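A.B. asks: Spelled out from the first residue to the last, the chains are:
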Amino acid sequence: MESFVTLLVAAMMIIGSAFSVIAALGLIRLPDVYTRMHAASKAGTLGSGVMLIALGIYSGDVGTLTRSLAGLIFFLLTAPISAHLLAKASYAVGYRMSDRTVVDEMSSGQGDN
Amino acid sequence: MNGVQQIFEASVYIALGLLCLSFVLTVVRVIRGPTLPDRVLALDMLVAVAIGFIAVIGIKTGYSLYVDIAIALGLVGFLATVAFARFILERGQASANTKDAANNATEGNQ
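Protein sequence lines correspond, in order, to chains A and B.
Position 103 (the first sequence) corresponds to 218 in our numbering; numbering is contiguous.
Position 17 (the second sequence) corresponds to 142 in our numbering; numbering is contiguous.
No wet-lab data here; the hints were simulated from the structure.
Incorrect hints may appear among the rest.
Label pairs and their in silico Cβ distance ranges [what the hints assert, rightly or not]:
(1) A:L184 <-> B:T186: 38 to 46 Å
(2) B:A205 <-> A:L123: 31 to 39 Å
(3) A:R215 <-> B:I194: 21 to 29 Å
(4) B:G128 <-> A:A207: 17 to 25 Å
Some chain A residues flagged as far from chain B (calculated, every beta-carbon gap over 10 Å) [unchecked claim]:
(5) M166
(6) K203
(7) V217
(8) D219
Some, not all, of what chain A presents toward chain B, calculated at C-beta under 7 Å [as the list claims (entries may be wrong)]:
(9) S118
(10) L142
(11) P146
(12) A155
(13) V177
(14) T181
(15) S183
(16) F190
(17) L191
(18) V208
What you are looking at is a predicted structure, and each value in this text was computed from that prediction instead of being measured.
Yeah, the Cβ is synthetic: ideal placement off N, Cα and C, and Gly gets one too.
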């Protein structure tokens, strides 16, 4: 049982850091700020959340596990809010989308958002 | 049990190496820009990578107190991103070309 928990924590650490690398690669490779937001706020949050859960499980303490779950829920609540605010601000100020963007649904109703 | 321990220690170092790689890639995005929202987004991502670092270091050393530091860092990162978003909104219109916008931003700071 103990070795199972250790192996689970090891796997969760590697999965979480792999998600962080994928988010960083998306941040480098994607064409504009709106698509980069996808990578940073989804994969990045998932990566750090999985590693926090791994820390909670590895400590073997209910209090620590509860705190790490609370931290994960906090990140899951705040990451979309900050990404939404940043996207809205940069769209309102007029930062352009990439040339490869297929559709911009906010372009017609720019005044009433 | 010994083999499991070896796998665990190896995976700690693999995770630290992967986190270092993602940190460097995110810093490249902070430096290259090209616009202010890109840099703010990359700083937000840096906070997430730092939280991952703190979690792995906490597992490595066995101090569960690192969870509290990670939560505090997440709160600070969220507030910083919200404040930067307000700043981008207040700063006003970007130039038509994003390349020009980046140049204006760097010149405006100096």
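A.B. asks: All the hints need checking, so say for each whether the structure fits it.
C.D. replies: Hints, one by one, checked against the model:
no., hint, verdict
1, A:L184 <-> B:T186: 38 to 46 Å, "violated (21 Å)"
2, B:A205 <-> A:L123: 31 to 39 Å, "holds (33 Å)"
3, A:R215 <-> B:I194: 21 to 29 Å, "violated (40 Å)"
4, B:G128 <-> A:A207: 17 to 25 Å, "violated (56 Å)"
5, M166, "violated (4 Å)"
6, K203, "violated (8 Å)"
7, V217, "holds (19 Å)"
8, D219, "holds (15 Å)"
9, S118, "holds (4 Å)"
10, L142, "holds (5 Å)"
11, P146, "violated (11 Å)"
12, A155, "holds (4 Å)"
13, V177, "violated (11 Å)"
14, T181, "violated (10 Å)"
15, S183, "holds (5 Å)"
16, F190, "holds (5 Å)"
17, L191, "violated (10 Å)"
18, V208, "holds (5 Å)"
The structure fails to meet hints 1, 3, 4, 5, 6, 11, 13, 14, 17 from the earlier list, while all remaining hints are met.
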